Amino acid sequence: MAASSKKWVLGVIAIAVLLPLLQPVFPDVVSNYRLFLVSTMIIAAIAVLGLNLLTGFNGQFSLGHGAFYAVGAYTAAILMDKLNVPYWATIPAAAIVCFIVGYLFGLPALKLEGHYLALATFALALAVPQILKYKWLEGLTGGVQGIVLMKPEVPFGLPLNEDQWLYYFCLLVMIVLFWGAANMLNSRSGRAMMAIRDQYMAADTMGIDTALYKTVTFGISAAYTGIAGALSASAIAFVAPDSFGIFLSIKFLIGLVVGGIGSLLGSVLGGIFYVLVDNSAQSLTQFIRNDLGLPFDLSAYTVFGVLLIAIIYLMPMGIAGGLYMAYRKLRGARA
Amino acid sequence: MRTSRRGFVAGASAFAVLGTKSAFAQKKYDDGATDKEIKIGHTGPYSGPASSYGQIGKTIEAFFKSVNEAGGVNGRKINFITRDDGYSPPKMVELVRQLVEQDKVLCLFNTLGTPTNTAIHRYMNQKKVPQLYVATGASKWGKPKEFPWTMGFQPDYHTEGVVYAKHILANVKDAKIGVLMQNDDYGKDYYEGFRDGLGKETGKIVKHVTFEVTDPTVDSQVIQLKDSGANVFFNIATPKAAAQAIRKAADIGWKPAQYLNNVSASVGSVMRPAGLENSQGIITAQYLKDPTDKQWESTDDFKAWVAWMDKWMPGANKADANHVFGYAVSNLMLETLKKCGDTLTRENVMKQAANYQKYKLPLLLPGITISTSPTDYYPIQSVQLARFKGETWDLFGDVMSAEGS
Amino acid sequence: MEQLLQQFASGLANGAIYACVALALVMIYVSTDHINFAQGEMAMFSAYISWQLMDWGMSFWIAFVLTVLISFAMGVLIERLILRPLHNAPVLSIIVVFIGLLAIFNSMAGAFWSYLIKEFPSPFPKADFGIAGVIGPHQLGVVLVTLIVLGLLFVFFRYTPLGLAMRAAAQNPQMARLVGVRVDWMLALGWGLAASVGAVAGIMVAHIVYLEPNMMGGILLYAFASALVGGISNPAGAVAGGFIVGILENMVAYAGNQIEKATGVYIIGNGEKLTVALIIVIFVLTVRPAGLFGRVVVKRV
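Sequence lines, in order, name chains W, Y and D.
Going left to right, the first sequence walks through residues -7 to 327 as my numbering numbers them.
Going left to right, the second sequence walks through residues 122 to 526 as my numbering numbers them.
Going left to right, the third sequence walks through residues 408 to 708 as my numbering numbers them.
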C-alpha cells in the first residue's frame, strides 16, 4: 500500500513538473492563465493543509485561519516593499512570524474547547483586518489602501515566463511542505498529535506533554497557512485588508471539509475545490439562467450554497473520504 | 512573350491584393472584436458585503441586451461577459486574467471597487487592455501618464470632499466639524479631499470617528460626535449607516449643519428611511438624477430611462440609483464603441474614450457633461450642490468642477 | 457624563439585539447540539416575510404572528429535509451545510426583495418621555420583548412536558428514546422554535438597522460571542451575554475617547472596539471556560 501510494505521488509530481513544457504543444489548454489558476490552487492547498494539521490531525477547531494567511501575506509584502527583501526569502520569514503568532495564540486556546475555540479563532480572523488598519501601523501596512507589489521575476535567465516560474516556485514549496507534513505525521510526534485528537485523556496519562504538542501544532499549522499567504502576496502582487475578510477563513474550512479532514490528499483536493467551486457555481448559474430559463433571478451565490449542501450529501466525509469508500467498494467487488 | 505575360498576371494579382488590402484597411481588430461581435468584460460584487452594487452589473447586462436587440453597434453584437468577484481583490485578479487571456475581451468596462481595481491596475496596463470607466471614485484612475489604459467615470471622492469643505468655510461661522467615516479607502479618499479643501483650517475638525461595515449600528459614533460639540456633521457613509446616523442625530437632539456624501444621496434608500423630517436641510453634491426625486419625472432622458426599465428590467426597483448609474455609464460605453467605427483596436478604444468634448450623457444633471482628452482621464468632473427640502433635492449654486475648486 | 449615559444606553439597546439573536442560537444548541451559522440569515429572511405581509396590507401584529408561525414551519422543514439525512455526518460537515444555507438565504432575499435598504415599522408608540434621547421607545421595547421571550422559553423548558422531552432528547438521545420520546421529531421542533425566536429577533432588529439582506452579518458575530460568554446552553446567560457585549463594546470606545481627550494620543477607538471587546470575551472564557453563567460539565472518559 505504502509503496503503491508513493508511486502515485511521484507520478503526479512528474506530471505537474512536465505540465508547463506542454505549453508550446497545446497553447490553449496549458495557457498562462491556467498555470496561474493551478498556482492559486497550490497556494490554497497549502493553506488548507495548515488547517488540516490543526483540525484534522490534532482535533483543534479553527474558524480563523484567514488571520494567519493575512499575517503571512503582510509579512511578505512589508519585507518586499520596505526592505526590498527578495520574494523567495519572504517565505521562511512568514513561516517564522506565523509560527510565533500561532504558538502564542495556542496558549490561551489550550483552555478553550470546541465552540469556544471556534469563537476565539473567529475573533482572531475578525480582528486581523482591523489591526492592519490600526492608525499606528498604517505606515507599515499601507492602511486601507494596502500595498502594491511587483510580481516575482524569473531568475538565472531561465527560459520561462512569469506565470511558469510562479507555478514552479509554488509547486516546489508545496512539495517540500507536504513532504515535511507526511514525515512529521509518520513520526513519534505525529502519532502523539493524533493520539491527543483521538484519546486526549489516554495521551495525557501516557506522559505526552499535551500542552506543548497542542501549542506547537498550532504554531506549525499557522506557519503552513502563513506560507500560503506569503505565496499569495507574490502571486497577486497586492495585499489589502479587503482581501482577508472573514469569508476567507470560512472558505478554508469549506476546503478542509470538502477535501477531506485528516487526509493529506484531502488538502490537495480541498485546495482545488476552493478555487473551482466559485467558478463552477458561476458557470452553472449562467447555464441555468441562459439555457433552462427561470422565472426569477438566480444568483451564483445561491448555486454555491446548493453545491455545498449537495456535496456534503453525497460525500459526508469529504471527497477524499468518498474516493476511499469507492476504492474499498471496488476492491471488495473484485475480491 | 511568355515571361511578359506572366509578368502581367503577376502584376495584376498584386494589384488585386493591394486593392483588397486597402478595402480591409478600414477594419482593424484586436482580440475581442470581429465582424460579428465585440466582447466586453466586467466583474461586480454579486455576492458578499457589497452585493447591493451588483445591480449595476445587472443593469449593464440588460442594457447591452437591448442594444443587441436593436441591431448592435455598427452591425456588431455586444458579447457582455460578467462575473462575480465578491469584492475580493485576489478573486478579481483571477477573474480578470480569465477575461483577458481566455475569453479575450476587447476591454474591461466598469469593474467595481477601489481595492479590486487596484489589484488589476498594473496588470491591465502591462497587457495594454483598456480598463474603462471603472466604478469607483478614487482619484488614482485618472493618471494617463503612468496608467494610459485606465480611466475613471464618476467625479472623484477627493474633489467632492473639497467642494464640501469650501462650502463650509464660506457659509458656516465658527464651524466645529465632526466627521463620521467608513473605515476603508472610499472613506479615506473623501476625508483627505475634505482636509485638503479646508487647507489651513483643518483645526476646525473637532472630531473624526470611524466605523466598520460590519458594525450593526453607528449609534455609538454619533453620540461621540455630538459630545464633541460639533456644529457641522460630515457624513461619509454608505446608505445604511448614513441613514442610521441621520436618524440617531435627530433622536439624541443633535442639530448640526449636515453634509452627506453623494454615495448616499438617495431619497428612497437614505432620506426616507432616516425620516424626511430628520433630513431637512442636508447638503450633498450631485451629478446624476436621483430616480426618487420627482422633479426629474418630466425630463426626456428620465422618461426614456423609465420606459427602458419597464421593458428590460421589469420588476426591478426603480428607486435604486444603481440602475441610473448603470444606464448612464453604459450609454457612454456604447457611444465610445460607436465612435470607434470599424477600427476596434484597444488603442482606438482608449483614443476615442479620451476624446469627448462636452458630450451630453443621459441622466446627468443639466449642465454637467463628459469631457476627456489624452491628458484628462476624468470624464465627469462637475458636481452641483443640493439641499434637501420637502421630499426632493433642491439644486443651488453653480455647477462646480474640479479645476475650479 | 451625558455621553457616558448615552453610550451606556446605546450599548444596552445594541445588547438587546445581540441578546435576541443569541437566544435563537442557544435554542438550536440546546435542542440539537449545533451552532447554526445560518441563524442570522434565517432571521433576516423572516423579517422580509413579515415586511412582505405588511406590504400586502396586514397590520403589524397579525404579520408578526403569521411570520412566527411560517418561520416555525420553515425551521421544521429545514431539519426534516436537509439535516435529517445527515444526522450521522461529522460536526464540521454540518457546519459546511450551515454555510450553504447562509448563502442560499442571503442570495434569495436579495433576488426577491433587492439589496436596497427598507424601512421597517416599529410597533411601539412614538412616545416622548423623560429619557427619550438617551434610549428610544423601540429600544426599550426590544429589551422588553427579549425578556418576554426569555420568560416564555424558561416556562416552556422547565414546566411543559414537551419542553422537558426536548431537553432530554438533546442531552441524552438514547435514554430519551427508551422512555418513549420521539427524538427525531424533538430535533425538528427545536429547529422550529429556534426559527421562531429568530423571527422575533429579526423583526425587532430590522427597525433599528433597516431591512436588507446583509443586515445580520455583523450581528451574528456579536450574538455568537454573547451566547458563548453567557454560556451556550443557558438562555438567560445568553441574554445577559448580549447586554454585556453590547455595553462592553461601547465602553471600550468611550474609554478610548476619554484617553484621547485627556492625553491627546489615539490609542483605541471605534476601529478597535470590536477587537478589544472580543479579547476581553476570550479572556473571560479562558478563566471561566463554560461562560459566565454556564455550568461546567464533568466529562467522563
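I should point out that these hints are in silico values taken from the structure, not numbers from a laboratory.
What you are looking at is a predicted structure, and each value in this text was computed from that prediction instead of being measured.
One or more of the hints may lead you astray.
[What the hints assert, rightly or not] Derived DSBU-like pairs: lysine-lysine, alpha-carbon spacing no greater than 35 Å straight-line:
#: 1; chain 1: Y; residue 1: Lys287; chain 2: D; residue 2: Lys525
#: 2; chain 1: Y; residue 1: Lys481; chain 2: Y; residue 2: Lys459
#: 3; chain 1: W; residue 1: Lys74; chain 2: Y; residue 2: Lys249
Next item on the list: Quick one: which hint numbers does this structure break? Sort them smallest to largest.
Entry: none
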